[in-house]
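Protein chains in written order, with the working numbering: chain D, 482 to 955; chain W, 482 to 955.
Worth flagging that the hints you see were computed from the coordinates, not collected in a lab. Hints may be right or wrong, so weigh each one.
Since the list can't tell identical chains apart, any single copy or any two copies may satisfy a pair.
Said to hold, decoys possible - Within a straight-line C-alpha distance of at most 30 Å, the following computed DSSO-like cross-link-like pairs (lysine-lysine) qualify:
{"#": "1", "residue 1": "K923", "residue 2": "K890"}
{"#": "2", "residue 1": "K806", "residue 2": "K642"}
{"#": "3", "residue 1": "K694", "residue 2": "K900"}
{"#": "4", "residue 1": "K934", "residue 2": "K890"}
{"#": "5", "residue 1": "K846", "residue 2": "K890"}
{"#": "6", "residue 1": "K642", "residue 2": "K784"}
{"#": "7", "residue 1": "K923", "residue 2": "K541"}
{"#": "8", "residue 1": "K541", "residue 2": "K934"}
{"#": "9", "residue 1": "K887", "residue 2": "K840"}
{"#": "10", "residue 1": "K611", "residue 2": "K840"}
{"#": "11", "residue 1": "K840", "residue 2": "K851"}
{"#": "12", "residue 1": "K900", "residue 2": "K541"}
{"#": "13", "residue 1": "K622", "residue 2": "K609"}
{"#": "14", "residue 1": "K855", "residue 2": "K827"}
{"#": "15", "residue 1": "K873", "residue 2": "K611"}
{"#": "16", "residue 1": "K609", "residue 2": "K900"}
These numbers come from a predicted model, not from an experiment.
Number of protein chains: 2
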Amino acid sequence: MTRKRYLTDDGIAFFRSVISDENVIIPDENNADYAKDETEDLFFQPEIVLKPATTDEVSKILAYCNDNKIPVTPRGAGTGLAGGSLAVNGGVSLSLERMNAIINIDESNLQVTVEPGVITEVLQDAVKDKGLFYPPDPSSKGTCFIGGNIANNSGGPKAVKYGVVKDYVLNLEVVLANGDVIWTGANVLKNSTGYNLTQLLVGSEGTLGIVTKAVLRLIPHPAYNLVMLVPFNNMERACEAVSAIFMGGITPSGLEFMERDAIDWAVDYLGDVTIPIEDNIEAHLLIEVDGNDMDVLYKDCEKINSIVEQFGCGEILFADGSDQKDELWKLRRNVAHAVKSRSIYKEEDTVVPRAELPKLIRGVKEIGNKYGFKSVCYGHAGDGNLHINIVKGDLDDETWKNELPKGIKEIFELVVSLKGTISGEHGIGCVQQEYMHIAFSKIQLDLMRNVKKVFDPNGILNPGKIFDRNYTKY
Amino acid sequence: MTRKRYLTDDGIAFFRSVISDENVIIPDENNADYAKDETEDLFFQPEIVLKPATTDEVSKILAYCNDNKIPVTPRGAGTGLAGGSLAVNGGVSLSLERMNAIINIDESNLQVTVEPGVITEVLQDAVKDKGLFYPPDPSSKGTCFIGGNIANNSGGPKAVKYGVVKDYVLNLEVVLANGDVIWTGANVLKNSTGYNLTQLLVGSEGTLGIVTKAVLRLIPHPAYNLVMLVPFNNMERACEAVSAIFMGGITPSGLEFMERDAIDWAVDYLGDVTIPIEDNIEAHLLIEVDGNDMDVLYKDCEKINSIVEQFGCGEILFADGSDQKDELWKLRRNVAHAVKSRSIYKEEDTVVPRAELPKLIRGVKEIGNKYGFKSVCYGHAGDGNLHINIVKGDLDDETWKNELPKGIKEIFELVVSLKGTISGEHGIGCVQQEYMHIAFSKIQLDLMRNVKKVFDPNGILNPGKIFDRNYTKY
Numbered sequence: 482m483t484r485k486r487y488l489t490d491d492g493i494a495f496f497r498s499v500i501s502d503e504n505v506i507i508p509d510e511n512n513a514d515y516a517k518d519e520t521e522d523l524f525f526q527p528e529i530v531l532k533p534a535t536t537d538e539v540s541k542i543l544a545y546c547n548d549n550k551i552p553v554t555p556r557g558a559g560t561g562l563a564g565g566s567l568a569v570n571g572g573v574s575l576s577l578e579r580m581n582a583i584i585n586i587d588e589s590n591l592q593v594t595v596e597p598g599v600i601t602e603v604l605q606d607a608v609k610d611k612g613l614f615y616p617p618d619p620s621s622k623g624t625c626f627i628g629g630n631i632a633n634n635s636g637g638p639k640a641v642k643y644g645v646v647k648d649y650v651l652n653l654e655v656v657l658a659n660g661d662v663i664w665t666g667a668n669v670l671k672n673s674t675g676y677n678l679t680q681l682l683v684g685s686e687g688t689l690g691i692v693t694k695a696v697l698r699l700i701p702h703p704a705y706n707l708v709m710l711v712p713f714n715n716m717e718r719a720c721e722a723v724s725a726i727f728m729g730g731i732t733p734s735g736l737e738f739m740e741r742d743a744i745d746w747a748v749d750y751l752g753d754v755t756i757p758i759e760d761n762i763e764a765h766l767l768i769e770v771d772g773n774d775m776d777v778l779y780k781d782c783e784k785i786n787s788i789v790e791q792f793g794c795g796e797i798l799f800a801d802g803s804d805q806k807d808e809l810w811k812l813r814r815n816v817a818h819a820v821k822s823r824s825i826y827k828e829e830d831t832v833v834p835r836a837e838l839p840k841l842i843r844g845v846k847e848i849g850n851k852y853g854f855k856s857v858c859y860g861h862a863g864d865g866n867l868h869i870n871i872v873k874g875d876l877d878d879e880t881w882k883n884e885l886p887k888g889i890k891e892i893f894e895l896v897v898s899l900k901g902t903i904s905g906e907h908g909i910g911c912v913q914q915e916y917m918h919i920a921f922s923k924i925q926l927d928l929m930r931n932v933k934k935v936f937d938p939n940g941i942l943n944p945g946k947i948f949d950r951n952y953t954k955y
Numbered sequence: 482m483t484r485k486r487y488l489t490d491d492g493i494a495f496f497r498s499v500i501s502d503e504n505v506i507i508p509d510e511n512n513a514d515y516a517k518d519e520t521e522d523l524f525f526q527p528e529i530v531l532k533p534a535t536t537d538e539v540s541k542i543l544a545y546c547n548d549n550k551i552p553v554t555p556r557g558a559g560t561g562l563a564g565g566s567l568a569v570n571g572g573v574s575l576s577l578e579r580m581n582a583i584i585n586i587d588e589s590n591l592q593v594t595v596e597p598g599v600i601t602e603v604l605q606d607a608v609k610d611k612g613l614f615y616p617p618d619p620s621s622k623g624t625c626f627i628g629g630n631i632a633n634n635s636g637g638p639k640a641v642k643y644g645v646v647k648d649y650v651l652n653l654e655v656v657l658a659n660g661d662v663i664w665t666g667a668n669v670l671k672n673s674t675g676y677n678l679t680q681l682l683v684g685s686e687g688t689l690g691i692v693t694k695a696v697l698r699l700i701p702h703p704a705y706n707l708v709m710l711v712p713f714n715n716m717e718r719a720c721e722a723v724s725a726i727f728m729g730g731i732t733p734s735g736l737e738f739m740e741r742d743a744i745d746w747a748v749d750y751l752g753d754v755t756i757p758i759e760d761n762i763e764a765h766l767l768i769e770v771d772g773n774d775m776d777v778l779y780k781d782c783e784k785i786n787s788i789v790e791q792f793g794c795g796e797i798l799f800a801d802g803s804d805q806k807d808e809l810w811k812l813r814r815n816v817a818h819a820v821k822s823r824s825i826y827k828e829e830d831t832v833v834p835r836a837e838l839p840k841l842i843r844g845v846k847e848i849g850n851k852y853g854f855k856s857v858c859y860g861h862a863g864d865g866n867l868h869i870n871i872v873k874g875d876l877d878d879e880t881w882k883n884e885l886p887k888g889i890k891e892i893f894e895l896v897v898s899l900k901g902t903i904s905g906e907h908g909i910g911c912v913q914q915e916y917m918h919i920a921f922s923k924i925q926l927d928l929m930r931n932v933k934k935v936f937d938p939n940g941i942l943n944p945g946k947i948f949d950r951n952y953t954k955y
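When you get a sec, could you build the whole thing from the sequences and use the hints?
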């Protein structure tokens, strides 16, 4: 199938007049840099890649594309897990990679103003130098951009105590579809002045506007943390322990679940980490506490210890040295890579109220048995956010193609019946649209579609995402 | 001026068929219960008051009003400070007072499901019995409703550490203008599934839909707190101390500012509280720290002590007994009543980044001098949220009427120049609309107006609020 072409010579000349030639790229078969992200095996080549460096350049590009009805797909670092940055309808891939300045770290107000192309870990390190903390860090923190994090309302392991991206975004500079530039709110912690456009933009996956600056809230960096790796010989019991920890009055700064295969495969994948795991262990919880008083943290760990023991845990690995803590977190952060390096896979980003995790994991295994697929589960259990990696392994192509969607549909139906939803932190992008009707009725979806029309009447911003899959895989 | 009448005998009969007769009230001159709130001297009599008890009843009422283009003004406890619950265009006052059930306290998920008519303090007490905490509590917590708190994205003194209402709302059941009922999201801590309708509804002042159920996040209740009252002989220095405390790595659970008159008048108003205040004191900070370890709290207080000393504070009153702490908070909570009992007044709910507070308070006093009015300032300084009460006192009516609006405009221009905005927690309602253009451009306001049209094409929901003052005071 041939895609519609949107660009003319005049258009290309216009873009070259706005940004210098080397920042206008017409990709060919030798350049797939902008055709992929980290989502499974998707490949969509944009017609043209534009790399503006200023808000004004973004504005001019959008005004032109809006007038000429050219699709514009904003792109961060390409670390997304739902295909959100892929130009599924062709047209322009708008890369924010050159807008990567940390504009101002305002220590007196505990705020930072950044451009969207700043790498999350670069931001974290820069503010940590001043004793400050920007908590939300997806596993890809070393490469992903703040802009992409905002577009997807990303989470990460710290969310359980500190919240997700939306909880840190105070104000956004946004270029609208027609090129108009607005700020969504004010640089304040409390705001009851009109509708919350800031929160409407966060998580909207680049479909309502292009974020060109963000004012983020910072907090004092906690001085200490301690990490525990807790094995369980029953994965449902591990999940039950999760909500018990919170009910015990503890709010850990990390509470991760890893099924046996997840940790085994990560150990294999890394090659340089050794963790003693007994044969009968089905799952682990990785638990971190942080704060400014070490005595309090030791007390918290003792309390956690006494709670997890009630759920039949094995011998706890307790890490207080930074090498050992880093190693455990490295293991956790590499689970996804490890799983993905093993097999063709499909990842689901389910989230439920945390006490429903035992029901969710039991259901996932039952559905897998019914349709003949294997899953490896891990994720931010403290938030109820379970990543379900369905691995193809030896499964035949026919079953994979025909049975898998039925199984995924049942998983999502289960999730919604547990008062959860279909994406906790990855977004819908172009891979989960077909399941949106499980989470939302037509009434809800129409409200969202009509909000989209208010912001982007010509439908140029990231078309084919969230709602309607109006394109063909090719 | 005569207002348009919207109701017919058929309409009244319809409402009586949906809800029982005693819950349909046609108010007359002897019944002003639904014509006022706590906003200055506003008075708008609704044509009819309806008190539904179920979501289904709300749905039927809205569907009828939408079909017949009858204005519907939702009403909580009537404690609002911006006239948001007043039926400025007549029509229906929809009181949610009978929908006051705490439906479920879910201890295993740290969530509570409530109806909108639950009194905030009743909710706080109910969850505290289970060791849980719902932090956002406006000064009116003993009478205000959760529904009104959600409509206004209320704050209160705990917001400085724990955030505002929006940070606790996970999911809302909402009746739309046409009677359709939706949930805005899911009962989860993380959500990247479509647009954030939940956050769009929070703070929308009943203009987008009527909240009929809310799922709120809870946290473990902190075990202890300590309170300090810190006097300063210079109010700007008091404001400077505020951001210094945060920069010192402390996040207090309360950080309130009270100008001298505020505390003096509150002492007079209450009559039963005695606080020693030296003659040269211009302002106080009321500071609370909380947590689960008393030793840590004492250390925090020592640290705060050493910080505020650098800003020339006087002798600190330190409260660790519950009577003394209650007395200090009672004082703070009664400042507004005290100020309002003294004089005709106009209250502004400004918010700026907290380090800008000294500039704000200096500017407010200068603007007051320029136009000849006196102000008494107090508020949630830790959030940068300063309530400016302009008191009429002996000012002549002419100056009050003609000069005051100019002064308020200048205050808001100052606030916005400091990257703040015109309402931190009270909302815009029907008293601040004329200043919205200072905070927002036409582009931003048009986006909001068009979002409103998506949700409420006939404009029946709380007309005359937030945007356009399409009514006459009568």
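Structure-based check of each hint:
In the homo-oligomer, the alpha carbons of K923 and K890 lie at most 30 Å apart inside one protomer (17 Å), although the nearest pairing across protomers, at 44 Å, exceeds that limit. For the identical chains of this complex, K806 and K642 are neighbours both inside a copy (18 Å) and across copies (28 Å), given an alpha-carbon limit of 30 Å. In this assembly of identical chains, K694 and K900 lie within 30 Å of each other by CA distance solely across copies; the values are 14 Å between and 34 Å within a copy. Taking the shortest alpha-carbon separations for K934 and K890, only the intra-copy value of 28 Å comes in at or below 30 Å, while the best inter-copy value is 34 Å.
Taking identical chains as interchangeable, the C-alpha atoms of K846 and K890 lie at most 30 Å apart only when both belong to the same chain, with a minimum of 14 Å there against 62 Å between chains. For the homomeric pair K642 and K784, the shortest alpha-carbon distances inside one copy (17 Å) and between copies (24 Å) are both at most 30 Å. In the homo-oligomer, the alpha carbons of K923 and K541 lie at most 30 Å apart only across protomers (20 Å), although the nearest pairing inside one protomer, at 35 Å, exceeds that limit. Within a single copy, K541 and K934 get their C-alpha atoms as close as 21 Å, and across copies as close as 29 Å, so both meet the 30 Å cut-off.
In this assembly of identical chains, the alpha carbons of K887 and K840 lie at most 30 Å apart only when taken from the same copy (19 Å versus 61 Å across copies). Taking identical chains as interchangeable, the C-alpha atoms of K611 and K840 lie at most 30 Å apart only when they sit on different chains, with a minimum of 24 Å there against 43 Å within one chain. In this assembly of identical chains, the alpha carbons of K840 and K851 lie at most 30 Å apart only when taken from the same copy (16 Å versus 66 Å across copies). In this assembly of identical chains, the alpha carbons of K900 and K541 lie at most 30 Å apart only when taken from different copies (26 Å versus 43 Å within one copy).
Only within a single protomer do K622 and K609 lie at most 30 Å apart by alpha-carbon distance; the minimum there is 15 Å, versus 38 Å between protomers. For the homomeric pair K855 and K827, the shortest alpha-carbon distance inside one copy (11 Å) is at most 30 Å, but the shortest distance between copies (66 Å) is not. With identical chains, the CA atoms of K873 and K611 are never at most 30 Å apart, being 46 Å at best within one copy and 46 Å at best between copies. In this homomeric assembly, K609 and K900 come within 30 Å of each other (Cα to Cα) only across copies, at 24 Å, whereas the closest approach inside a single copy is 37 Å.
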